[in-house]
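A.B. asks: The lines below spell out each chain.
2 protein chains.
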Amino acid sequence: MIQNFTTVRTVSELRQVIGEWRRAGLSVGLVPTMGALHEGHFSLVDRSVMENDRTCVSLFVNPKQFSPTEDFDLYPRNEAADAQALQCRGANVLFAPLVEEMYPADAATSVSVPGLGDVLEGEFRDGFFTGVATVVSKLLIQSMADRAYFGDKDYQQLRVIRRLTADLNIPVQIIGCPIIREEDGLALSSRNAYLTTEERAIAPALYTVLLKMVAAIQSGADSASAVQDGTQHLLSVGFMKVDYLAVVDPETLLPLSSATGPCRVLGAAWLGKTRLIDNVGV
Amino acid sequence: MIQNFTTVRTVSELRQVIGEWRRAGLSVGLVPTMGALHEGHFSLVDRSVMENDRTCVSLFVNPKQFSPTEDFDLYPRNEAADAQALQCRGANVLFAPLVEEMYPADAATSVSVPGLGDVLEGEFRDGFFTGVATVVSKLLIQSMADRAYFGDKDYQQLRVIRRLTADLNIPVQIIGCPIIREEDGLALSSRNAYLTTEERAIAPALYTVLLKMVAAIQSGADSASAVQDGTQHLLSVGFMKVDYLAVVDPETLLPLSSATGPCRVLGAAWLGKTRLIDNVGV
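Protein sequences appear in the order of chains Z and S. Per my numbering: the first sequence ends with 282, consecutive numbering throughout. Per my numbering: the second sequence ends with 1282, consecutive numbering throughout.
Bound conformation, chain Z alone (with noise of 0.2 Å):
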């Protein structure tokens, strides 16, 4: 089945598709991305299609998520392929603005989320969270979507982006979605495609290691300890550098001492140049 798929580009554009499916009471789901899709976002992208009844797919390397050290210039971008995998998965509008549509000149304002974006991910990366926040309080308001979806990955930006979704009110439902992993247990990402043969090889170890700490705090291991091991057994296996492995408070992000409850294990590390994060659910 051909679907009916359209390319916009500005804020305005999408309200005016939107705002036609809203007065036909279409609901809406949004999936917000920065292409580059793997089956990562597809599985976002066919949920979305399986609940509403229009599905708005978003493409904005978004950067004020980066810091000036960071890949924003490197990061992969290859709009046409996206678009056209978006049709195949039935999806029905793609936004993707230019910078100068998301950010004018004269832009200033900024979402933050304190606390949940300062630790972790918000200790290593200056200004993501608020980078993060800030596109995606504006992506919500935009699309007015009645669902948005994210993915478990980016398990700590799931927390901020529910945090501020209840806190400014914004009238959508934030659906958080399972990981997928390569078959040797790799999380998905866009990053990925930075990796050499040799890295690709070690890259497993990340996920690997979340489950040997889960394994170890539910046999009794403090989380300390877990971290220790952790730590040098990615070292031992080639990682240059672990930003943090920890055992958290899946709501608050709060460090455990040891996992009498749910927790969260989540990790990042560095393969050579490139960054991977990763998580684990207990």
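Read the hints as simulated data drawn from the structure, not as lab findings. Even glycine gets a Cβ: it sits at the ideal position worked out from N, Cα and C. Careful: at least some of the hints might be erroneous.
[Stated by the list, open to error] FRET-style restraints, in silico, Cβ to Cβ:
| id | chain 1 | residue 1 | chain 2 | residue 2 | range |
| --- | --- | --- | --- | --- | --- |
| 1 | Z | 254 | S | 1229 | 51 to 59 Å |
| 2 | S | 1106 | Z | 220 | 25 to 33 Å |
| 3 | S | 1118 | Z | 84 | 40 to 48 Å |
| 4 | Z | 23 | S | 1038 | 36 to 44 Å |
| 5 | S | 1099 | Z | 25 | 31 to 39 Å |
| 6 | Z | 254 | S | 1010 | 27 to 35 Å |
| 7 | S | 1219 | Z | 77 | 51 to 59 Å |
| 8 | Z | 184 | S | 1025 | 52 to 60 Å |
| 9 | S | 1272 | Z | 260 | 54 to 62 Å |
[Claimed, not checked] Some, not all, of what chain Z presents toward chain S, calculated at C-beta under 7 Å:
| id | residue |
| --- | --- |
| 10 | 109 |
| 11 | 163 |
| 12 | 168 |
| 13 | 172 |
| 14 | 173 |
Chain S: place on chain Z using the hints.
C.D. replies: Frame of chain Z, contents of chain S only:
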């Protein structure tokens, strides 16, 4: 004519009321206030009633825009009188939430407008505009009004609100309304109630000084000398302290050394324990 008038305390009730209006195709105006309503507020309500099918007035003394040393506890509150007056003016709903409804215990998100929010009032009232920007973002998103009305009295606040509305793509038209003054020129303010009889007699000098500054710069004086003369004048008539007098660009609020084009002249000064602000356009 007796209007249908109701007071609601929760976002969910507010959305129910406004949702019914929307489904009936009615337009909605919002007038955000901190209560202690006077003719300045009523002029906003009148305009909203004239321009919209339904008018919602919010009454919320927003703790986030008061610093610990400011007058949050003292701020005048009289909801019963406010509600009665609003009904007579033709408003349809009063949204008067508790602090816990607006800021649940785990709320963390804040909206800030660096630049516009850092100068003038922002220099003297720590965190003020982040408090204002956060609560106004919430109110605009909660109500999804077509138009929202703010007074020129809080001129910088109006600029900050226009900025955040554009930057976050909130689909509302922000309407600024002229300052309402007493016969002797004093700008109406809920805080005028703090003034002693003696202070009340001195208070109009703030407006007089702003007008003199306008006359001076229009006849070629530079801003610095106008500010110096104005400050001198205020102190000589009995103001305790002048936080600032300033001649600024009406859009960017950046200081202007002289007035060749449009500008705004603003002032903030203390009369005893009461801080008064006012401004005049050129």
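A.B. asks: With reference to the structure, classify each hint as holding or not holding.
C.D. replies: Now the hints, each set against the structure:
| no. | hint | result |
| --- | --- | --- |
| 1 | 254/Z <-> 1229/S: 51 to 59 Å | 56 Å, holds |
| 2 | 1106/S <-> 220/Z: 25 to 33 Å | 30 Å, holds |
| 3 | 1118/S <-> 84/Z: 40 to 48 Å | 46 Å, holds |
| 4 | 23/Z <-> 1038/S: 36 to 44 Å | 41 Å, holds |
| 5 | 1099/S <-> 25/Z: 31 to 39 Å | 37 Å, holds |
| 6 | 254/Z <-> 1010/S: 27 to 35 Å | 29 Å, holds |
| 7 | 1219/S <-> 77/Z: 51 to 59 Å | 58 Å, holds |
| 8 | 184/Z <-> 1025/S: 52 to 60 Å | 57 Å, holds |
| 9 | 1272/S <-> 260/Z: 54 to 62 Å | 58 Å, holds |
| 10 | 109 | 4 Å, holds |
| 11 | 163 | 6 Å, holds |
| 12 | 168 | 6 Å, holds |
| 13 | 172 | 10 Å, violated |
| 14 | 173 | 14 Å, violated |
The structure shown violates the earlier hints numbered 13 and 14.
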